[in-house]
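The chain contents come next:
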Amino acid sequence: MLSSPTVRTSLIFLGIALVGLLFADIAITASNPWRDLGNFFLGVITPNFFSSEGLMTALLRTVAFAFVGVALGSACGFLLSLVYHLLPVRIFCAFIRAIHELFWALIFLQFFGFHPLTGVLAIAIPYSGIFAKVYSEILDEADPEPGRLLPPRTGVIAAFLYTRIPDCWVQLRTYTAYRLECGLRSSAILGFVGLPTLGFYLESSFSQGLYSDAGAMLILFYVLIATMPLWVKPKLLPVYVLGAPFFLGEGLPIVWGNMERFFTKDIVPSPLRDGEGLAGLLPWLSDLMINEALPGIWNTLVLTQIALVATGILTLLAFPLISNHFGGPVRRTSGHVFLVIARSTPEYILAYILLQLWGPSMLPAVVALALHNGGIIGHLIGRQTNSIHLRPDAPTGFNRYSWELVPRVYRSFLAFLFYRWEIIMRETAILGILGIYTLGFYVDSAIQNIRFDRAMILILITALLNIGIDALGRYIRRKLALQTMPTC
Amino acid sequence: MSGFDLTGLTASFGGERVIGPLSLRVQQGEKVALVGKSGAGKSTLMRLIHERVDRESSLVPQDLGLVNALPVFHNVFMGQLDKHSAWYSTVTLIRPFFRDRDKVREILQALGMSEKLWMPTASLSGGQRQRVAIARALYRNAPVLLADEPISALDGPMAHLVMQLLRQRFATSVIALHDVEMALKYCNRIVGIQDGQVALDEASDHLKAADIMSLY
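Heads up: the sequence lines are chains B and L, in that order. No gaps in the numbering here: position 75 of the first sequence is 655 in this note's numbering, and each next residue is one more. No gaps in the numbering here: position 197 of the second sequence is 204 in this note's numbering, and each next residue is one more.
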């Protein structure tokens, strides 16, 4: 067993996470966490859909921001995918997708203010980078043979439309639909920085202890996502995309002077702005590195590694819940419900709720990340086991789990896990806004203190860290010869 | 010009030479059958010829090269994609023009499958898919036909119908065939390939099936 590279890699990561636990701040600090949790669940089962009309407006805005953002992102991403083979384009895309939607929103808020453009661009920009990468991967998979058979002198556009697009059409559509679902989640959490979407509503309900209102919001959000196949129809899409911009709300007008100030003054490192020149830059930078960047990086890494392993453990525990290889329709139905809820709730919302209930520490973040990501991978692996045919006399129960199923799905399990590594890190960084000392915490405090120069450097560091983890994840997947689909 | 004269045809695979060096001269009006046992290098030679005479040829490759997600019509229409402007092709992708529909239907009729015009290619059987690739080559209407085992998935009568059609529509052709009887019947020159070299090159009138069998 130990000689298998996949087992060895798993054990190394488990070891890193255990060492990380020694340094991590894991605690429940709330005075009565279980009562709060009980109240919250009571709120979920006694939802109040009629407390204010704000809820419906928030729902509408959430959908509108998601549609406009994802549509814009997919259009730009498609154009970028056509030139994705150029190195500068790849670097550009890697960079814009390494910065979380909420960071983009925090940046745009500084100069567009609470204008709809802030929310739209916060979704559209990182999504363009993701779309560009995945679209180009899908297009590259198209069978090249029909293209070679075309008469010479065939136009580039006609050749592309006839030989590349039809082959990939289904995959492009599936992936875009999947991203629309992600867009709804992104749009919801944009409310946490003040945009008029569900997150805003959730935060205000929670801060007033209105758990039934919060419960109603969560239930509506699940219904919205679960019913997507019913209301997102190809024929209706143009209506949604063209109509959505009219439902983004007015927001506040853009003050263009802010924009100029932001780029020419705010983000210029303060020593340069104050005329101290390069001599002042070095102490400023080292102060930033030692007091904010390094602790932020350390905490982000520790939390990411713990959350990654927790996700893996949860996945392995959760996938049998929906697998056909174990008995019980009741178990399977409840398993499906659990996994749907776990994967449709954005990590950020889960972390926010748990943080309110348990008090600030890394624990709510780890649990939130593990629940959400474990839900996603558990669902995929569970579905994969359903296509496995076991011999009629295969063992049952735990032996079936450990001897027949886990060995068969372990490689794709690892592949998905390493694919989501970078995503987990991006979320870990952003959870800092909730008060956990990851990079997001230092970015958020810098912005609160109107020190945008520092915030920009920290966001840049976060992006580079993500790009690094992404590259490492890809290296490990290649080294272990693991393959995944992009829709995860 | 619709004949061609190729020299120095070679191909290597993994450092080992699989074809040539050999020369092949085909004159207008010649219908050449490439015969030889599988692995002799027929497909490789076919590819080499296609690379050299690209602009002048209608090709039916062994793996057909169909776009599975598109209907039969569009797969056939692709044979003349160079004849139309980008906007014309784009409109056709959504809603084909009547004159093109008629022309494509005519070709499919000759191949006995006009009712499949709007079927997605992915849903067709192997023989039907092969006929779509042949229809595309016919629609392309180049002066030279290059076909690699174009009747391998067709039953007897259909195979004869297709070979007849190809002989009638293309003045000059090079067709790789494993069926010796077919080669003798529909081609006027037989080129036998053995170990990547031309082992036989005769007019088919001078040959009997037994003469060719020595290659196998």
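It should be emphasised that the hints constitute simulated quantities derived from the structure, not laboratory data. One should not assume that every hint holds.
[Unchecked claim] A few chain L residues that face chain B, going by a derived Cβ cut-off under 7 angstroms, partial list only:
| # | residue |
| --- | --- |
| 1 | V25 |
| 2 | G72 |
| 3 | V74 |
| 4 | P78 |
| 5 | D89 |
| 6 | L131 |
[Unchecked claim] Straight-line C-alpha distance at most 30 angstroms; calculated DSS-like pairs for lysine-lysine:
| # | chain 1 | residue 1 | chain 2 | residue 2 |
| --- | --- | --- | --- | --- |
| 7 | L | K110 | L | K192 |
| 8 | L | K192 | L | K215 |
| 9 | L | K110 | B | K813 |
| 10 | L | K110 | L | K123 |
| 11 | L | K123 | B | K815 |
| 12 | B | K815 | B | K713 |
[As the list claims (entries may be wrong)] From chain B, some residues computed to sit far from chain L (all C-beta separations above 10 angstroms):
| # | residue |
| --- | --- |
| 13 | F675 |
| 14 | T734 |
| 15 | L741 |
| 16 | T743 |
| 17 | V750 |
| 18 | G829 |
| 19 | P987 |
Because the structure is a prediction, the values reported are computed rather than measured. From the three backbone atoms N, C-alpha and C, an ideal C-beta is built for every residue, glycine too.
- Task: Output the numbers, in ascending order, of every earlier hint that fails for this structure.
- Result: 1, 4, 6, 9, 14, 15, 16, 17
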